[in-house]
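Chain by chain, the residues run as shown.
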Amino acid sequence: MLIVKKFLRDVPAVLGFVIIVAVVLVALIAPLLASAEAVYDGNIMERLKPPSVEHWFGTDNLGRDIFARVMVGAQGALIVALSVVALAIAIGVPAGLYAGYTTGWASELVMRVTDVFLSVPQLILALAVAQLIGKGLESAMLALALTYWPFFCRTVFSETRRVRNTLFVDALQGIGASQWRILMVHVLPNVASPVIVRATIGMGFTILTTAVLGFLGIGATPPSPDWGLAIAESREYLPESWWAVTFPGLAILITVLGFNLFGDGMRDLVDPRLRRSR
Amino acid sequence: MTRFILRRLLLVLPSLFGLLVLTFVMLRILPNDPSAALAGENATPAQIAAIRKAYGFDEPIWKQFVIYLKQVAQADLGNSTISGRPVATDIALRLPATIELTLCALVFATLVGIPLGTLAAVWHNSPFDHVMRIVTVGGLAIAAFWFAIILQLVFSMSLDWLPLRGRLAVGTPEPARFTRLFLVDSLLTGRFDLFWNALQHIIMPAFTLSLGGLASIARFTRAGVLDTLQKDFVGYAEAAGYRTRRIVWVYVLRNSVVAATTQIGLLFGALISSAVAVEAIFDWPGIGSYAVNAILTSDYKAILAVTLVVGVIYAVVNIVVDITHALLDPRVAESL
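Same order as they appear, the protein sequences are chains A and H.
Note that the working numbering has the first sequence beginning at 1, numbered continuously upward.
Note that the working numbering has the second sequence beginning at 1, numbered continuously upward.
Heads up, none of these hints are tricks.
Sample of chain A residues lacking proximity to chain H, with all beta carbon distances greater than 12 Å (derived): (1) Glu54; (2) Leu78; (3) Ala90; (4) Ile91; (5) Ser107; (6) Thr166.
Each pair of labels, with its calculated beta carbon distance range: (7) Tyr242(H) with Ile79(A): 55 to 63 Å; (8) Phe168(A) with Tyr236(H): 40 to 48 Å; (9) Ile134(H) with Tyr237(A): 28 to 36 Å; (10) Arg177(H) with Glu236(A): 31 to 39 Å.
For the record, the hints were derived by calculation from the structure and aren't laboratory data.
Even glycine gets a Cβ: it sits at the ideal position worked out from N, Cα and C.
Sequences and hints are given; from them, build the entire structure.
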């Protein structure tokens, strides 16, 4: 339990953890409590009302309650980020394990493909891919996953290369363990911690990128309470209705901050080489 | 050193070639029938066949790839599927605006990020350090497009201190063209009014863009300075009676910043990504807003051309950064 103690001493990381738990709870509960009128249909008589006791964050141009929309939007943001990161892991980790453990043309090919994907900033590549596979949330998610897996592949590759040359892997090969068994049972747990750290920070990063895609109109489609889309829709009612733009952006900021702070703390725990507070 | 530069250049060739393959695949294979797309909705089969022949789509795929390579080598990235104008010309016209913006952001991020990171390291685990940590993590968590809108809301719409959008006030003639960077050109021609005009326009977009970079630079500087502070020579310098201020800002910083420069190459990718949305919000006439327009109009040739151009610039920036790094620290040159 030393690790828990160490973690609890890291105040910013604990703050990050608390934020994540809070966002997850909101994402689970808000859709049950919020009415369809508040989130999707709106009440045109109540449009563009400033924050009040009735509407904590005010209302948007269709008279929808922004507090309810921001809270329900958490669910979409988390689901999208989880799916993208999970799919990226599902592609990147096996590819990295394979390329790191074996040598030869197939391993070379995997790493060269990884290099190509990493040679263009992810968002630019995701825009191009999303453009080609069509608009909408699903294709935006697919585009993000297809451009994010190389980050996992690169991480797993270098870790696997390191583990492959250790004595215990030599020993396993010596007693005739199969390659599959060595990779899954012995190498994978050893490369898991950097993957978990990368995934935590990747959650925050993906929420940001999804918001950009939503804002540019190639992610979520109306009437979704997606945060990026909400900012784009409310932009034309500035400067009068500042609340309609401000609160969804704050929601993005706080959620991503939570994942980044937590990921940072985890990196310090699992990788003493990168320890920040000496 | 020459050997290092040559090897570094050779290293980038496979990924540039891969990038060409990738854009080619997306360009030719993913749109089901590019000839039909080019011919438009009401085209007859004969028209489609003619286009197929004219563009070489009836050739075997490897031959099409060779044709594509030849076109790219001649800076021919095709014509926009919407406006019909050559994509390469459009991008070349818009590139200087993006370069000016990202350079300003990078310079600002470096000038502010390095001192902040150094202070955080010197006073590590102090309240200043903790605040800096939350600020730098926050800088990476903020959605640039949202922050841009908030800046517009506060400084343009409410306070009316800074212009809302564009690169120059509407109707102002551009400065004479030397570098096509307005800030530089206006100074070169002695037009201080234009310089002031351009400066006011670039402040908000450049500041927005710099946030993420500032945060990363501060973090890496902090880590580097903390590392260097543990070195023996620091203890020696202290024992020899050098002032702490001199040790930190001259000797320690010089030894820590070198490693942080490698980060600038990576930062450039983040800058270009944020530039896409930021340019769209400030109506900045660069390749970011060009890409957004291309997306909104489904102009896939323009998008792929932007991808290719950004990939090449990214590679060049990283090579320049690596060579600078090797010049500053000869050990790097030996390791490759």
